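*Asks:* Read off the chains here:
Protein chains: 2
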Amino acid sequence: MRALDFFFEFASTYSYPCAMRADIEAAKRGVTLNWRPFLLGPIFAAQNWTTSPFNLYPAKGRYMWREMERLCEAQRLPFAPPDPFPQNSLLAARVATAVEDEHRPQVARLIYRLEFGEGLDISKPETIARALRSAGLDAESYLERAAQQETKDKLRATTDAAIKAGVFGAPSFVAPDGELYWGNDRLEAALDWAAAFRE
Amino acid sequence: MRALDFFFEFASTYSYPCAMRADIEAAKRGVTLNWRPFLLGPIFAAQNWTTSPFNLYPAKGRYMWREMERLCEAQRLPFAPPDPFPQNSLLAARVATAVEDEHRPQVARLIYRLEFGEGLDISKPETIARALRSAGLDAESYLERAAQQETKDKLRATTDAAIKAGVFGAPSFVAPDGELYWGNDRLEAALDWAAAFRE
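Residue numbers (this note's numbering), protein chains in the order written: chain A, 181 to 379; chain B, 181 to 379.
Chain A on its own, in the form it takes in the complex:
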């Protein structure tokens, strides 16, 4: 079984175009992606970043927003920066954690599309409920599950697993042998590595 862990953050801009094409590129190579929502907050806080590096370093931020326009245009994705940026992604990450494995990629893509395609606030339960309903799921039930201790613990465990794997940004990819790739632009290289992996 060729598999690749896909660590994504709902506050992360580059995770949006990546999430939209990740499964397609994985299928081309016969690789199964494990979609693992996690939080960058604890990682950034540990290096004394109080907000996104794109806010801390304005030149880098201006570049990122322009590049997002280019990337979304190339992938023909709608693009509307959310306000505020970064969004509080805790609720989205908990809901994506709470849904079943088979629903997670679709729910994640729907949340990303509302956030970066329509500029909606994903910290609001109604935004997340809209994504869940678009996936044909019972929104109230999953919002309840998202608030349960079991979900919170699972999300914390995923963030811990990301840190242990050396993850410092999003999106990131970790192969079964521990090989790490960082960035939307490394998706193909990570999948190629995973496809070539033999146990």
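Please keep in mind that the hints were generated in silico from the structure rather than gathered at the bench. Nothing here was measured: the structure is a model prediction, and the numbers come from that model. One or more of the hints may lead you astray.
Stated by the list, open to error - With a straight-line cut-off of 20 Å between C-alpha atoms, the simulated SDA-like cross-links for lysine to any residue are:
| hint | chain 1 | residue 1 | chain 2 | residue 2 |
| --- | --- | --- | --- | --- |
| 1 | B | Lys332 | B | Pro222 |
| 2 | A | Lys304 | A | Ser314 |
| 3 | B | Lys240 | A | Ser232 |
| 4 | A | Lys208 | A | Ala183 |
| 5 | B | Lys240 | A | Ile223 |
| 6 | B | Lys304 | B | Ser314 |
| 7 | B | Lys304 | B | Lys344 |
| 8 | B | Lys240 | A | Thr231 |
| 9 | A | Lys304 | A | Ala260 |
| 10 | B | Lys240 | A | Ala226 |
| 11 | B | Lys240 | A | Arg209 |
| 12 | A | Lys240 | B | Lys240 |
| 13 | A | Lys240 | B | Tyr194 |
| 14 | B | Lys304 | B | Asp281 |
| 15 | A | Lys240 | B | Lys344 |
| 16 | A | Lys240 | A | Phe259 |
| 17 | B | Lys240 | A | Asp340 |
| 18 | B | Lys344 | A | Arg242 |
| 19 | A | Lys240 | B | Ala226 |
| 20 | B | Lys240 | A | Ala341 |
| 21 | B | Lys332 | B | His283 |
Put chain B on the given structure of chain A with help from the hints.
*Replies:* Same frame as chain A, now just chain B:
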């Protein structure tokens, strides 16, 4: 005339594999690269970075070194990290500034190869002299020119031009219309943009 400014830093790891393939990729697209050595030091200092972000953020640093191994293996380039890292790149940048336009790409590639292919210290005049001699140039004469005020001023002007163009890291590329691309992995996209540009 399709042209692209190529801003590179001798202390920058990713500038090494980029410099090695930049002219080949440019020629494929009929684009002329303007090789512009500059210094990241003033840019990093302005955001209170006292050393490379790869030293400031250890997880990012570990990832970068592993990725350099992967990139150099893929390009079949020798790779030996220099000690200390980052190298003091002032002399190298001044010499690359002092040499004539037609010699600059070759001299830059030779310096990069000594620094990251052999792990030599490029702050030492003898390392730079070796690169100049490998390019068939008179080492003493160019080391003298590197120390002249005219060269120092030109290097400072290039760094100022980079800052004005929005550059915050290396390598970076700036098209005639001001479009900015950052990173070794953006070389092809930047060249494609420049190739499509009409005045």
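*Asks:* Between the alpha carbons of Lys304 of chain B and Lys344 of chain B, is the straight-line distance 20 Å or under?
*Replies:* Cα-Cα ~30 Å, so violated.
*Asks:* Does Lys240 of chain B lie within 20 Å of Lys240 of chain A when you go C-alpha to C-alpha?
*Replies:* holds (16 Å)
*Asks:* Do the alpha carbons of Lys304 of chain A and Ala260 of chain A lie within 20 Å of each other, as the hint requires?
*Replies:* Within the cut-off at roughly 17 Å; holds.
*Asks:* Given the hint that Lys240 of chain A pairs with Phe259 of chain A, does the C-alpha gap stay at or below 20 Å?
*Replies:* holds (19 Å)
*Asks:* Given the hint that Lys240 of chain B pairs with Ala341 of chain A, does the C-alpha gap stay at or below 20 Å?
*Replies:* The hint holds at about 16 Å.
*Asks:* Within a Cα-Cα threshold of 20 Å, do Lys304 of chain A and Ser314 of chain A meet the stated pairing?
*Replies:* holds (16 Å)
*Asks:* Are the Cα atoms of Lys240 of chain B and Asp340 of chain A separated by 20 Å or less?
*Replies:* Given pair Lys240 of chain B, Asp340 of chain A holds - Cα atoms ~17 Å apart, limit 20 Å.
*Asks:* Is the straight-line distance between the alpha-carbon of Lys304 of chain B and that of Ser314 of chain B 20 Å or less?
*Replies:* OK: Lys304 of chain B and Ser314 of chain B at ~16 Å, within 20 Å.
*Asks:* Given the hinted pair Lys240 of chain B and Ile223 of chain A, is their alpha-carbon gap at most 20 Å?
*Replies:* holds (12 Å)
*Asks:* Under the criterion that the straight-line Cα-Cα distance not exceed 20 Å, is the pair Lys240 of chain B, Ser232 of chain A satisfied?
*Replies:* holds (16 Å)
*Asks:* Is Lys304 of chain B within 20 Å of Asp281 of chain B, Cα to Cα?
*Replies:* violated (23 Å)
*Asks:* Under the criterion that the straight-line Cα-Cα distance not exceed 20 Å, is the pair Lys240 of chain A, Ala226 of chain B satisfied?
*Replies:* Holds, at about 13 Å.
In this structure, the hints that do not hold are numbers 7, 11 and 14, in rising order.
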